[in-house]
Structure formats: structure tokens, C-alpha cells
Amino acid sequence: MSLAGHPSPPIFKQGPTPLVRLAVLVSICLAMLVADLKFRYLEVVRQALSVATWPLQMAAAAPADFVRNAAVYFATLVEVQKDNSALRGRELEAAQRLLRFEQLEEENRRLRGLLDMGASVATKSVAAEILYDAPDPFDRKVILNRGSQQGVEAGMAVVNEQGMLGQVTRVYPVQAEVTLLTDKDQAVPVQVARNGLRGVLAGAGQGRLELRFTLSGADVRVGDRLVTSGLDGLFLAGLPVADVVSVDRDAQTFAVIVCEPVAGVERTTQVLLLGRAAPPPPRPVPEPEPEPRKGRKG
Amino acid sequence: MQPTHRSSRILLPAKTWFAWLSLLVALGLSYIPTGLTPGVPDWVALVLAFWSIREPLRVGMGAGFLFGVLVDIGHGAAMGQHALAYVVLCYLATSVSRRVLWFGPTQQALQMFPLLLLTQVIMVTVRLVAGAEFPGWWYFLSSLTSAALWVPLNYLLLLPQYQPVDRDDNRPI
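Those protein sequences? They're chains U and R, same order as listed. Residues in the first sequence are numbered from 213 upward in steps of one, following our numbering. Residues in the second sequence are numbered from 603 upward in steps of one, following our numbering.
Among the hints, a few may not be true.
Covered, in the sense of this in silico footprint (three residues per stretch, anywhere, with C-beta under 8 angstroms from a C-beta of chain U), are these stretches of chain R [said to hold, decoys possible]:
(1) 612-620
(2) 677-683
(3) 695-705
Please keep in mind that the hints were generated in silico from the structure rather than gathered at the bench. All values derive from a computational prediction rather than experimental measurement. Glycine residues also receive a C-beta, built at the ideal position from the N, C-alpha and C atoms.
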């Protein structure tokens, strides 16, 4: 094997030259990058190889877990008592709302039966905890401590008690990767809670969100609450997502609408994953248009 | 005592299993979840560069590719992002190895800094072309801390090669 920068005399040369090896490996890397970033072909390879790296990752995460648990261990008694009383108050409030909710759900079911509508979507949920930020600095992602073994599926919505945080994008056996709402590539179909106007919300950097492709004349005001519309067939409808912070109608066709996430997207630990228990019904196939007949010569 | 080409000290040959073990340990260190803390050194790149300079016949672009892919998987980065950067790093480190070994560890660190910076520039370029957000200038702090760690790491990874085969008062090695 000859070395880069140190050519050996021809009689000792064996195998491809370093430059050739470099070119081959670089082209393999570029092909992998395109296949992964553009077409998402390599998810299977990633899942398979992550089994091999798993023990090492667990071992590496152990000191971080220890530090986190130590911080909890040294929490003072006063703090715990304060927390406890606040939680009791909230539980009382929640119990009262839950009673009312059960009654309403029963009523909803009966009314739906009377009107001959299909049953409302059954949901499933998994409670989880955010372990840490994903190490890749180019995305806004976090890692959860629940994975496919606990029933997490890609596409589930991630919420906390205030509203939506993001979406599960990659699932490992006992961990899951969540893309936060503030990520540039994360889009959520939403509607304005006040008037039902639909739009697409996407990350805009610096912890802000942007309501895209909304006409300048649209009825959106500062302070409006945006909730999921459920049109994508993945998210449940009605989860609070963001509040409108500023509306700029001077742009040409579309207004520039900046929003702020309702839930503290970048500083929360306990989350709930919500998904549909059954896949959404298939989209209706458009009927093939009848072949236009040739006009008869008259 | 300087283990460079200038010194008269003769080192034991490095063991292949030790090189691969050190690479595995570096991989484990890179998996420690530090979140988005700026300036976390790139352990795998450091150890790969070290072995590409010391043992270019054993650890080279193939190892760079393999460990790059493993880092990509562990970090959830784009597949091939670290692999591409490490392959280029190993190629350049191999090609400057004969020259770098004439200098002492501190001067070696100064020469490693541009190489480590280049690996980061490659990664940023790849992701920006793919449409990611710019992570901010603090991202490049990592190559500075990595280069600063070159001297202690150099000493640590050369330790097994310092040991004499068997102790003999008449032999100065």
C-alpha cells in the first residue's frame, strides 16, 4: 500500500494509489449523503447499524444520567414541598375538568350515533421524558427515553401540558428522536382557532415560527391562537400550537406572519406522545374523467 | 525525551489492537450526550489524525470512513457527513505525516488545527448545501479545543510505545 504524499518506486507499488482510494471513498460518501438527505433510502441501514453502536451509546450516556439524577437527589425539601402543593392544586383542578370531559365524551358519542357519523378518532398516548438535545447542531432535535418497544411510532405528535412541541421523526428500540417545531424543515398544518382559517406553520429559526402561504388579505390578527387542523391525517385536530406575534401585510402576495410556540419548546422535560390508534382512512381516489368524445361532423 | 524524528529515542512498534481500541474509546467519548455545548472536542477526528500520522500503513482512509459512519449514526447526523470529513482528514494527515513528525508536540498541534478546522468546514458545507440552518460561529470552537488537546493526547497514546521490552540496566532504551 503506498501512502499519500510519499510515492514509492514502481516495483513496490501495490493496489490503487492513495488519490484513487480517496476519490472512491469520497464518491461513496457523497452518494450516501444524497441517498440519505434527498431520498431517505438509508433509514434501514441506520437502524441496523444502530444496533451495533447501541451498547457504546448506553455506556456513554451513563455519566450524563448520573449527573442529571444527582441534581434531582440534592433538591431541597422546601422545593419538593412547594412543588407538591402546586401539583395537588393542579390535580384538583384537572380532576374537576376530567369529570366534565367524561360526561361530554359520552354525550358526543351518543350524538354522533344519532347523526350517523363515524366514531371520532381513537387515540393512543405514551408518556416520555426528554433526555438531551440531539448532538447534530444543524437541526433542532431532542432525544426521548421511549422507543418502539414502548409503542412509539414515527409521526406521533409530541405535546406537553401547554401545547404542541414537535413530531417524532425517527424511532430507535428504546429511544426516539423528536424534531421540534422550531426546526426549519418541520411543518405543521394549522388553523386559526378564532375563524378556522387554514395554513401551514414552519420553523423560522431563533425559536420563532412562521405561518406560510397566507394571503395578505387573510383575517389573521396579532394574538390569534393557532391549533392543529388534523388535515395531514397524522396529528389530532385542536392541539394548541402557537400564538401570532406579528403580522406584516406589506409583502407582495403572502403576509409575513411570525408566531411563537405556545409550549416552551426548548425548555421542557416531561412530554406526552399522541398518535392515532388506527391509520387514517385512505384518500378518495379521483374518478377517471370520461374520455371526451369527438364531436360528430355535422 | 521528544518522540520525534529529531530525537534519538527509539519507540516500540505500536500494536494494532491498541490503535483500534483507542479509536473505539474515542467513539464512546463522542457519544457522550453533551447536547449543544459549544467547544466539545471531536475525539474521533483527533485519534484518527494521530494514528494517520504515526501509523499510516495501519490506520488510514478506510478507518476514517468506518468511524465516520458510526459517528453519523450515533449523532443522528446525515449519513456520510462525518465519513466524508474524516476520509479527507485521514488523507491529508497521511500526506503530511513525514513532515509533521519532525516537530515537537506543540508545533504539531499548530499544524493539526487547520486540518481539524477543514473537517468542520467540510461538514458545514455539506449540510448548508443540503438546506440546513447555519449552526453559528461557535461551532468552529470545537476544532480549537481539539487542537489544544493534541499535546496531552499525543503523550497518552504514545505511552504503551515508551515501555521497554524487558528491563536491562545496560541498555538505555
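Do the hints match the structure? See the list:
no., hint, result
1, 612-620, "violated (count 0)"
2, 677-683, "holds (count 7)"
3, 695-705, "holds (count 5)"
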